[in-house]
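Colleague: Each chain, letter by letter, is given below.
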Amino acid sequence: DGGITQSPKYLFRKEGQNVTLSCEQNLNHDAMYWYRQDPGQGLRLIYYSQIVNDFQKGDIAEGYSVSREKKESFPLTVTSAQKNPTAFYLCASSQGAWGYTFGSGTRLTVV
Amino acid sequence: GQQVMQIPQYQHVQEGEDFTTYCNSSTTLSNIQWYKQRPGGHPVFLIQLVKSGEVKKQKRLTFQFGEAKKNSSLHITATQTTDVGTYFCAVFSSGSARQLTFGSGTQLTVLP
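These protein sequence lines are chains A and B, in that order.
According to the numbering used here, the stretch in the first sequence is residues 34 to 144, in order.
According to the numbering used here, the stretch in the second sequence is residues 28 to 139, in order.
Quick caveat, the hints were computed from the structure, so don't treat them as lab data.
Please read all numbers here as calculations on a predicted model, not as lab measurements.
Even glycine gets a Cβ: it sits at the ideal position worked out from N, Cα and C.
Any given hint could turn out to be false.
Some chain A residues judged to face chain B by a derived CB distance under 7 Å, without partners named [said to hold, decoys possible]:
hint	residue
1	G35
2	P72
3	Y81
4	V85
5	F88
6	T119
7	G132
8	V143
9	V144
Lysine-lysine pairs mimicking DSS-like chemistry, simulated, CA-CA at most 27 Å apart [what the hints assert, rightly or not]:
hint	chain 1	residue 1	chain 2	residue 2
10	B	K63	A	K42
11	A	K104	A	K47
12	B	K96	B	K86
13	A	K90	B	K63
14	A	K90	A	K103
15	B	K63	B	K84
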């Protein structure tokens, strides 16, 4: 079955560490996205990529970095510069102007 | 980017009662999408509305797009416990890059 796989499901980070969240899709979608969700709140866009080897900052890109070396992969690195990284991170993909398909998310906690 | 206001933020209903959530924009929208997120889960695409005055139904769910394409609603008839979750509307940002901006969501609780 086609879909998006995010790993790990839970991640604990020590202060000052960089961590990388994985996102892989086998839907052959061109566009991929990273959103952050805080408890009881909506989704805020971190980064997006419309095509391989190209990506753009979203509304809250500071403290995050991404790469898009392959069509199916869009990893997100949460750097030590992100002062409040504890959140639920959601990866999504889309093709054309249709609905997004989301992965099951990664819950990141700073310890 | 495009902004949408979604109300109410929370809604508690007795099982069997109806539920409605609304999204409003100050500008004309090209289209609007609706998603459902179960507790602890991820958003799932429900539907996209494109035409002025459009009404679409999915079983007990009715989606409407306003005549002026500035507002939309999701109505659930006779809620069930399986309807519990947060419902989001989402619109595409203006300009060449087509990324979605999500409303703040309406969290629905259904009391048995």
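Colleague: All hints are to be evaluated individually against the structure, with a verdict given for each.
Modeller: Results of checking the hints against the structure:
1. G35: violated (14 Å)
2. P72: Not OK, violated: P72 of chain A not within 7 Å of chain B, min 11 Å.
3. Y81: holds (5 Å)
4. V85: Nearest chain B Cβ about 16 Å off; hint violated.
5. F88: Nearest chain B Cβ about 11 Å off; hint violated.
6. T119: violated (16 Å)
7. G132: holds (3 Å)
8. V143: violated (20 Å)
9. V144: violated (21 Å)
10. B:K63 <-> A:K42: holds (20 Å)
11. A:K104 <-> A:K47: Since the Cα atoms of K104 of chain A and K47 of chain A sit roughly 31 Å apart, the hinted pair is violated (cutoff 27 Å).
12. B:K96 <-> B:K86: holds (24 Å)
13. A:K90 <-> B:K63: holds (26 Å)
14. A:K90 <-> A:K103: holds (18 Å)
15. B:K63 <-> B:K84: Holds, at roughly 15 Å.
Of the hints listed earlier, those the structure fails to meet are numbers 1, 2, 4, 5, 6, 8, 9 and 11, in rising order.
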